[in-house]
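First to last, the protein sequences are chains X and A. Count along the first sequence starting at 1, add 303, and that's the number in our numbering. Count along the second sequence starting at 1, add 303, and that's the number in our numbering.
Simulated from the structure, these hints should not be mistaken for lab results. Keep in mind that this is a model prediction, so the values were computed, not measured. Just so you know, not all the hints are guaranteed correct.
No copy is singled out in the list; a pair is fine if it fits within one copy or between any two copies.
Here are the simulated DSS-like cross-link-like pairs (lysine-lysine), alpha carbons at most 30 Å apart as the crow flies [stated by the list, open to error]: (1) Lys487 <-> Lys543; (2) Lys374 <-> Lys543; (3) Lys543 <-> Lys568; (4) Lys568 <-> Lys553.
There are 2 protein chains.
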Amino acid sequence: MGGDHGPSVTVPAALRFLAEHPAAHLLLVGREDALRPLLGDQAGNPRLRVVHAEEVVGGHESPSLALRNKKDSSMRVAINLVKAGEADACLSAGNTGALMAISRFVLKMLPGIDRPAICVPLPTTQGHTHMLDLGANVDCGPEHLFQFGVMGAMLVEAMEHKERPTVGILNIGEEEIKGNEVVKAAADLLRASGLNFIGNVEGDGIYQGEADIIVCDGFVGNVALKASEGLAQMLGSGLKEEFKRNWLSKLAALVAMPVLNRVKKRFDHRQYNGAVLLGLKGISVKSHGSADVLAFSCAIARAYDAAENRVLERISARMAQLTPAAAGES
Amino acid sequence: MGGDHGPSVTVPAALRFLAEHPAAHLLLVGREDALRPLLGDQAGNPRLRVVHAEEVVGGHESPSLALRNKKDSSMRVAINLVKAGEADACLSAGNTGALMAISRFVLKMLPGIDRPAICVPLPTTQGHTHMLDLGANVDCGPEHLFQFGVMGAMLVEAMEHKERPTVGILNIGEEEIKGNEVVKAAADLLRASGLNFIGNVEGDGIYQGEADIIVCDGFVGNVALKASEGLAQMLGSGLKEEFKRNWLSKLAALVAMPVLNRVKKRFDHRQYNGAVLLGLKGISVKSHGSADVLAFSCAIARAYDAAENRVLERISARMAQLTPAAAGES
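Input sequences plus hints: build the corresponding full structure.
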């Protein structure tokens, strides 16, 4: 029900996902009267079920109020289905804070993990990287950053079948004082963890693909991600304006369009949609609120892949192995 | 002497600056044997003087060692000239940490300012903004962020002749927990300061020009700036690659080139070169190490403008006015 466009995007995206994933089953959670009319000839698809939920969490609603008062919201019902084992993962394009609060309350944390983290893939010159936390936690301690590193590494191992992916920690490069105390202490924990820790990554290293996983505080991560989005938008609209300036540039635009479209496709943020809330005893994924059908179907696919590849089992196993060591270090 | 290219860039940039600023005088500080041969027909220019300094601070040298041991480095001698009142500002493309350490040691802080901050202009969809701190300080307290706000506002008032420029604080937008405690407390101080404080700015707001001055911790600011640089590089090289892919796209590149060059020029980072180290009793400016002649001459012009427009006097006056009030607030 959530996101900027609601069911007009989420339902077609769900149908698209189903067509592309012949083994998948989907539960659409929300107001039946809003969802059913959009199903068309897929209404009878045996891999598709509508689960009615009366309420909707608003985009600007207080997460704590949504948690307390909206027991029959689509978000709450969907997360309950994960808790009950009736769904392997849930996905929402709605209120991030509410999704986080309800997911955490209902699903609880995995053993050894103190806080959930938002993990997103980002494009790089060489392919892509994963960064976490992107905004679930501000004021992280070293042990939290350490846990983010473990969770990110296990996600990449599981979902991308990559052995010993590289883990870096976001830092600044001034020679004398490299980063703050928290980052230094977290780096020590990661260095002793047995993960493939490569040390510091600076801001520009994110997009140079210096590490498969980049660990940071949610405040820093959120700012870096949004600053990048803002810059890309500015450059994109600058490009558009200049190509529209006069008939000559409009002609140039026609000629250059196929190339520009290839560039656009290559870095298309829609294919990177779907932020996994890692650290919970259940898979909960957040889509960008402004997602279109392609973007939302990519996010469904990410939730599906996370469940299919048993990301949580892998995190639990590694944490069980590491926690005594980590406790000894700290 | 500093930067990736040394005098081969800094001297031609100095000559270019002199030609464009008929009232300006320049002191070139460094090894005479390296500088003099590059002066050409300007060797006798009465507005240009070479000040010999025997040593050079290396790009990767420890700032504290450079401060202690290199008393006759070009950097130290240049800053001494500012201290002695023989120069109104100094500029270096060298080791940032060393420039900061030496500037702080020699020039000392302005009354009421605890720490220096690196302030840079950044392009926006509407023009440009100024952001600080970009990496001089990690682990800032609320009073430091508050001081950054005052310094940034006074810089913009003085250099851009803008009355009551808007000041925002970088934050993240999750509804419930907006930012960390430090940012919240700093926002309270800024709100009570009499500055034109507009509240929170998220990462994408930087490039949307939401505020004339954006205040942040040096860690966050450095990461945001470098992440932006990295993203721009990635998009730029992606564009280049796609235009070079085959003869058709190469043809398209030819047609599109004038438009692409206009976009490039519009957001050209070289015109934004020159980070002012604010808060010191003297103007010290850092150029990007990789600056070319155009970029370095822009940075000289920024140092010149900062001195010409009496940025420091304005900061001092405002701090004198605010400090009792700010102390009362905290």
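Hint-by-hint comparison with the structure:
With identical chains, the CA atoms of lysine 487 and lysine 543 are never at most 30 Å apart, being 43 Å at best within one copy and 38 Å at best between copies. Proximity of lysine 374 to lysine 543 under the C-alpha cut-off of 30 Å is found in neither arrangement, the shortest distances being 46 Å within a copy and 52 Å between copies. Both within a single protomer and between protomers do lysine 543 and lysine 568 lie at most 30 Å apart by alpha-carbon distance, with minima of 16 Å and 15 Å respectively. With identical chains, the CA atoms of lysine 568 and lysine 553 are at most 30 Å apart both within one copy (21 Å) and between copies (19 Å).
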